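Residue numbers (the numbering used here), protein chains in the order written: chain A, 1 to 376; chain B, 1 to 376.
Keep in mind that the hints were calculated from the coordinates and are not lab data.
Since we're looking at a predicted model, the values are computed, not measured.
Among the hints, erroneous ones may be present.
Claimed, not checked - List of simulated lysine-lysine pairs, BS3-like, C-alpha gap at most 30 Å:
hint, chain 1, residue 1, chain 2, residue 2
1, B, Lys288, A, Lys326
2, A, Lys349, A, Lys182
3, A, Lys349, A, Lys40
4, A, Lys339, A, Lys322
5, A, Lys350, A, Lys207
6, B, Lys183, B, Lys8
7, A, Lys307, B, Lys120
8, A, Lys326, B, Lys235
9, A, Lys329, B, Lys234
10, B, Lys322, A, Lys240
11, A, Lys116, B, Lys307
12, B, Lys329, A, Lys234
13, B, Lys116, A, Lys116
14, A, Lys210, A, Lys339
15, B, Lys316, A, Lys288
16, A, Lys322, B, Lys235
17, A, Lys240, B, Lys316
18, B, Lys329, A, Lys201
19, A, Lys307, B, Lys288
20, B, Lys350, B, Lys8
21, B, Lys184, B, Lys8
22, A, Lys356, A, Lys210
23, B, Lys182, B, Lys339
24, B, Lys182, B, Lys316
25, B, Lys234, A, Lys326
26, B, Lys326, A, Lys234
27, A, Lys116, B, Lys120
28, A, Lys183, A, Lys316
29, B, Lys116, A, Lys109
Read off the chains here:
2 protein chains.
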Amino acid sequence: MMFEYYEKEAPQAFEEYLRIDHFKLKEFVSAVFQALQVSKDDACTVADVIVAADLAGISSHGVQRIRRYVDGIRVGNVNVKSHIRVVSESEAVALVDADNGLGQVAASKAMDLAVKKAEKCGIGLTLVRNSNHFGIAGYYSMKAVERGLIGVTLTNSEKLVAYTNTLGRSLGTNPIAVGIPKKKPPPILFDAATSVVPVGKIELYKKLHKEIREGWVVDEFGESLSGDATSIHKKVRENKAAILPIGGLGEELGGHKGSGLSFMIDVISGVLSGAAWGVHVGYTVGDKPSNVGHTLLAINIESLMSKGEFFSRIEKYIQEIKSTPKHSKAERIWIPGEKSWLTMQTRRKKGIPIYKTIYEDLRELANELKVHWILN
Amino acid sequence: MMFEYYEKEAPQAFEEYLRIDHFKLKEFVSAVFQALQVSKDDACTVADVIVAADLAGISSHGVQRIRRYVDGIRVGNVNVKSHIRVVSESEAVALVDADNGLGQVAASKAMDLAVKKAEKCGIGLTLVRNSNHFGIAGYYSMKAVERGLIGVTLTNSEKLVAYTNTLGRSLGTNPIAVGIPKKKPPPILFDAATSVVPVGKIELYKKLHKEIREGWVVDEFGESLSGDATSIHKKVRENKAAILPIGGLGEELGGHKGSGLSFMIDVISGVLSGAAWGVHVGYTVGDKPSNVGHTLLAINIESLMSKGEFFSRIEKYIQEIKSTPKHSKAERIWIPGEKSWLTMQTRRKKGIPIYKTIYEDLRELANELKVHWILN
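Kindly produce the complete structure, drawing on both the sequences and the hints.
Right, dumping it as structure tokens:
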């Protein structure tokens, strides 16, 4: 494939953004966490996850979220000296206690363990309890993909979504991410919240002064909210609105499917791991440990089929999808993960677009923590 | 819980239905398959899966679908003397070849194998290739649940669903079913097609003369179809319409999420198993073997947490959901699997409502196959 510039969430108003080299950004983020007494290794892991989100065009989970993690550490609600341990283990399954440490570190180690078990047994599953927000779920599935395995990542998260037929928020946006290796890039990466939209999309619409359509958000009485993104975003922040599950309100368009899937993800990641579930999952900057629960699963392709055969089959499937007649209103036919991958390639060359207010906040953070400012 | 009569898909026009005892119905269905040279054991398995669908209120997968299986056998497209074999096996993973036999038999054996592996290793995965339509996915997850394990079932199926941004049909309704054991019934059972609706719902609306709403089906040009169910059902049958994935048309309400999830289910069940995928998955009554692929996964709760603790935690979660304020437009707050379970209890007592035209067709089938008619 020839190199193609493409950006998901491409900046609309160029004058509001700066382009930052991703290596520099990662170095800076790592320095921020090290200044907060996080070990160098752990800080590098956290920085890698955060900058991967910005590279992939998921800015809601990128550097704009550093404040949340930093504040969580500062208020003492996240343990930077966590002792992550394997609580119990059988041949293909492990349970990990994250000791209220950074979610990125615990989930990375948990996926490494799942991969190791899958390499031996064909499949490996690690559940994690007592963890914190871990950033983008797809990152951990990609860790398995880099080793040539299929990776599946689930997590619960703080309440934001309405369970079908109820008012208020009972569920997190509980995402599912499935990564599939291919011979040639891009790998396949399906990474989706079980809500209609992630909360970051509402923030983005506010920033871009775009109108929010029906079917994303409901108010405290379960009535659909639409229109001005600023007021809707305010309601979400004030806990006066809930995001709808995939399939929307009620059951007519399958809302119970999105809601049910989110619930099942929580039953495995939260209930079975020994973590919090539903309304009990904490926010990073709260008054109690978040006790987030994660699920990391790896499948060894070679326990079922030679890699060569698998790669050739998956390539054929993709070619078939790509050569299907396109809908007249669609710009292009996408394979899961393709947008993110193209965005990543583009931003590795052109730099990551950072919104100026975010940039100023990072500089302010550097001042506060006496971290050397390298993002000029 | 006191016994409560409740029926999903309750008959609307009572005079159009007969109530049949579920034991008798199962005996009859088993006799039909035995008359087609299916072994007694296999015929009992198939009958159990088919009648389970009617008991659970999923009539589209119940006895009204017998014709399809029967015709598949009659035209020689399904092998009743199949030799199901384990092709390859590692500690926690197995690959099964169904030898073009009945999907119900292969998937049952495959879940048994996954359970056995999970009991030893904590988790067990079986993929199945060269199979046929297996009925309701939830049946196999419930097999794991009956043994006290968590069961996950995926399958691909013949093309019916539009891949996001394309025209026509590229994907099956590729369902996902997750079963979770509980101390007291009902168990949790999430069983959902990755399409907005299953095709059976369109048949049902036709039967009930109900109007079909926007957002379920599109025509061959990708335009939304709504209104008269009879003409829409006709278009679906003539391959001139496609069902939309969960999330609907395009990406605005998450259609790419439903479409992507369906694709991932196919990559594991179809591509990785060595079965057909996408448009290549056959119809039971076709001119070539269907080559359907299934995924059966079992997780051993006790490899992670004592069953007592798990049961107590899941019960609390359910109580919390149930005590959430109800939406004013909703009748009730449901836990996945609760509707099906209540329907099953009700129909075990009151009998299964069989539509009269279906009843007559069963009688005709009995004549054709010289099966003793016991459903008077």
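Status of each hint after checking the structure:
1. A C-alpha spacing of about 28 Å is found between Lys288 (chain B) and Lys326 (chain A), which places the hinted pair at or below 30 Å, so the restraint holds.
2. For the given pair, Lys349 (chain A) sits about 23 Å from Lys182 (chain A) by alpha-carbon distance, which is consistent with the 30 Å threshold.
3. Distance restraint check for Lys349 (chain A) and Lys40 (chain A): the Cα-Cα separation of roughly 26 Å lies within the 30 Å cut-off, and the hinted pair is therefore satisfied.
4. At most 30 Å may separate the alpha-carbon atoms for a hinted pair to count; Lys339 (chain A) and Lys322 (chain A) meet this at roughly 14 Å.
5. Restraint check for Lys350 (chain A) and Lys207 (chain A): satisfied, since their Cα atoms lie roughly 22 Å apart, inside the 30 Å limit.
6. Restraint check for Lys183 (chain B) and Lys8 (chain B): satisfied, since their Cα atoms lie roughly 24 Å apart, inside the 30 Å limit.
7. Note on Lys307 (chain A) and Lys120 (chain B): the hinted pairing holds, with a Cα-Cα distance of about 27 Å set against a maximum of 30 Å.
8. For a cut-off of 30 Å, the pair hint linking Lys326 (chain A) to Lys235 (chain B) stands: about 20 Å separates their Cα positions.
9. For the proposed pair Lys329 (chain A) and Lys234 (chain B), the alpha carbon gap of about 25 Å is at most 30 Å, so the pair holds.
10. Proposed proximity of Lys322 (chain B) and Lys240 (chain A) is supported: the alpha carbons are some 21 Å apart, at most 30 Å.
11. A threshold of 30 Å between alpha carbons decides the hint, and for Lys116 (chain A) with Lys307 (chain B) the separation of about 27 Å falls inside it, so the pair holds.
12. A distance of roughly 25 Å separates the Cα atoms of Lys329 (chain B) and Lys234 (chain A); the hinted pair therefore holds under the 30 Å criterion.
13. Note on Lys116 (chain B) and Lys116 (chain A): the hinted pairing holds, with a Cα-Cα distance of about 21 Å set against a maximum of 30 Å.
14. Pair hint Lys210 (chain A) plus Lys339 (chain A) holds up; C-alpha atoms about 22 Å apart against a cutoff of 30 Å.
15. About 20 Å separates the Cα atoms of Lys316 (chain B) and Lys288 (chain A), which keeps this hinted pair within 30 Å; it holds.
16. Of the pairs offered as hints, the one joining Lys322 (chain A) and Lys235 (chain B) holds, with about 25 Å between alpha carbons and a cut-off of 30 Å not exceeded.
17. At roughly 25 Å between alpha-carbon atoms, Lys240 (chain A) and Lys316 (chain B) fall within 30 Å of each other, so this suggested pair holds.
18. In summary, the hint linking Lys329 (chain B) to Lys201 (chain A) is supported, as the alpha carbons are separated by about 27 Å, within the 30 Å threshold.
19. This hinted pair checks out: Lys307 (chain A) and Lys288 (chain B) have alpha carbons roughly 27 Å apart, not beyond 30 Å.
20. Distance hint between Lys350 (chain B) and Lys8 (chain B) is fulfilled; the C-alpha atoms sit about 14 Å from each other, no more than 30 Å.
21. Our distance criterion of 30 Å between C-alpha atoms is met by Lys184 (chain B) and Lys8 (chain B), whose separation comes to about 21 Å.
22. At roughly 19 Å between alpha-carbon atoms, Lys356 (chain A) and Lys210 (chain A) fall within 30 Å of each other, so this suggested pair holds.
23. Note on Lys182 (chain B) and Lys339 (chain B): the hinted pairing holds, with a Cα-Cα distance of about 16 Å set against a maximum of 30 Å.
24. For the suggested pair Lys182 (chain B) and Lys316 (chain B), the alpha carbons sit about 11 Å apart, so the restraint of at most 30 Å is met.
25. Between Lys234 (chain B) and Lys326 (chain A) the CA atoms are separated by roughly 24 Å; this keeps the pair inside 30 Å, and the hint holds.
26. Annotation: proposed proximity of Lys326 (chain B) to Lys234 (chain A) holds, straight-line Cα distance about 24 Å (limit 30 Å).
27. A threshold of 30 Å between alpha carbons decides the hint, and for Lys116 (chain A) with Lys120 (chain B) the separation of about 18 Å falls inside it, so the pair holds.
28. The hinted pair formed by Lys183 (chain A) and Lys316 (chain A) meets the criterion: a straight-line CA distance of about 12 Å does not exceed 30 Å.
29. Simply put, Lys116 (chain B) and Lys109 (chain A) have alpha-carbon atoms about 28 Å apart, close enough for the 30 Å limit, and the pair holds.
The earlier numbered hints are all upheld by this structure, with none contradicted.
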